[in-house]
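Enquirer: Residues per chain are reported as follows:
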Amino acid sequence: MNWRVVVGDREIPIDLAKLPDMREVEPGVYSVLQDGRSFLFRVAPVNGAVLVSVAGRDYKVVASDPRAGGRHGRHTLGEGRQNIGAPMPGKVIRVLVAEGDAVQHGQGLAVVEAMKMQNEVRAPRDGRVVAVKAKAGDAVTAGAVLLTIE
Amino acid sequence: MFRKVLVANRGEIAVRIVRGLHELRIPALAVYSDADRDALHVRMAEEAAYIGAAPSTESYLRIDRIIEAAHRHGADAVHPGYGFLSENAEFAAACEEEGLVFIGPSAQSIKRLGSKTAARQLAKAAGVPVVPGTEDATREAEEARRIAAELGYPVLLKAAAGGGGKGMRRVDSEDELESAIRDASSEAERAFGSGEVYIEKLIVDPRHIEIQLIGDRHGNLVHLGERECSIQRRHQKVIEECPSPLSATRPELRSAMGEAAVAVAREAGYFNAGTAEFIVDRDGRFYFLEMNTRLQVEHGVTELVTGVDLLHLQVLVAAGGTLPLRQTEIQWRGAAIECRVCAEDPEAGFLPTGGRVAQLSEPGGPGVRVDSGLYAGFEVPFEYDPMLSKMMVWAGDRATAIARCRRALEEYAITGVKTNLGFLRHIMDDPEFIAGRLHTGFIPGFLERRPREAPCPELEDMAALIAAAHVRARNTNGNGAGAQRQGSVSRWLANGRAGVLR
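From first to last, the protein sequence lines stand for chains U and A. Just so you know, we're using our numbering here: the first sequence kicks off at 1 and counts up by one. Just so you know, we're using our numbering here: the second sequence kicks off at 1 and counts up by one.
These aren't lab readings, by the way, just hints derived from the structure by calculation. Watch out, some of these pointers could steer you wrong.
Which chain A residues face chain U? A few, computed with CB under 10 Å, are given here [what the hints assert, rightly or not]: (1) 106; (2) 385; (3) 413; (4) 418.
Ideal placement from N, C-alpha and C gives every residue a C-beta, glycine not left out.
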């Protein structure tokens, strides 16, 4: 089945029935042997995508499962559970929602302050809050999960 | 020898100090803030003391808490590392008053060398050249014109109270002088509360070369040669070398600068480790800038080339021991290069980044040393310096050291946190770097001339495939609930993290 995979601005059709000789040798680290050549790929999560590092190059990749029924093309990651991360390192000033709340696209979820600037973190889509991980006063790093919506 | 040493620092330098103490069979007492409970130095030390909240003003800069921790744990000496309180005369004095040995110079030496103008006067008294210029603030335009003409253009205006490039102006000709003084003065007034500026001869594209010193309390003082530190960005060093590539064409510089550095240190009654910083112009003339009264970040390249362990010597002389080596016994062998690995994004103006280290693979093999505070799962705190580790290599000659450095940087993998590893690797391929044509303006020039990396569609296609396979595996493996959770981000995120934590 074809996956829709976006690398940078390029959409690449992927057939996962045809995989090369690949082994996950450490968590997220893949040794790939192809045509007698050896490659090492490292995959790490980054803000709703993955960063694939190979041979000193980094590729940000959004990979979506076709069975998830991705109608919206490249941003099918907007479905299912979604972790909402802090946009930058700083301090949580307020959490504006509670577990179980229904939220609408664009609604404020939390306020994070960094370098004396307050930033509202907004819902990327409609959904429901399933987990709140942050509370007022928490110090957070960039990308730290504040809450999860579904 | 000491009973127990408090390490008043964090990150890679705290780890390096703990290692040195362990080699001397001295137990280490780490200190940590709220941000560093999980840090490597806390794990490696025998004992650890909590000293306060994450901001360094609440912890690593709190003299009272550090001294209290030393007493509570029965430590009898303190190693300050670099940064934080390392060049704070008040801290050194407080340690001495409290019966703790400060592993560094005396409070008096720190004070005397702490002010740039005082250090300059010391150098002059020792007969060591300084950059030609005025010692006193210049206010009158007429006087400034006369001084600048005497020095010869271009000249540099510097804020007397300044630092970090603020209140600094390059002036190329007399007609720019008056307005430049006005600008520099008002900038200095805003930044430092004092509008005083002085005039110096501008040395165009100098090299930044420094001399490592160490002395004991009995008047023995030696130098351990130079380090080339010209590759800097905004006054922060990025790559350092020992020896300087300049030594190949001007071998006489090492002993000339070494003797000058020793002369300044003698004038200040200096003991323990220190570094005299110089700039060197295109004709090989050197000028004393300042003395750093601490162990430097880049001390490791000197250790690799001389075979001397500076930390061991620091501890030995702090305990009152006699320096075990004479100047004539110090030899330099091969070449060493250090790269500072930082959590920063070279593609976004070198902005500090952060995050959690997802995977870590440090280089190994012949001639590689990594001084690091990292481990997989480490969350890079945003309160402190973005430097994560120092990667050093040694080889028999500079060309081999560059090849080795490039190879080791290729092996070095840090994911989850954006770093400058790729940027460092590209410097190793730069013809100017390879030729050893270094100066403090190197990085801006390099950023202009470095070749753009050609896209590689084959790798891109493979990356896409691996990413899809990875996401699928994470989606279907998660708690047997994969089928309902297709496209779920949290599942593979959680799994990825669980995997990292093993």
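Enquirer: Taking the numbered hints from earlier one at a time, note which ones the structure violates and give those numbers from smallest to largest.
Expert: Failing hints, ascending: 1 and 2.
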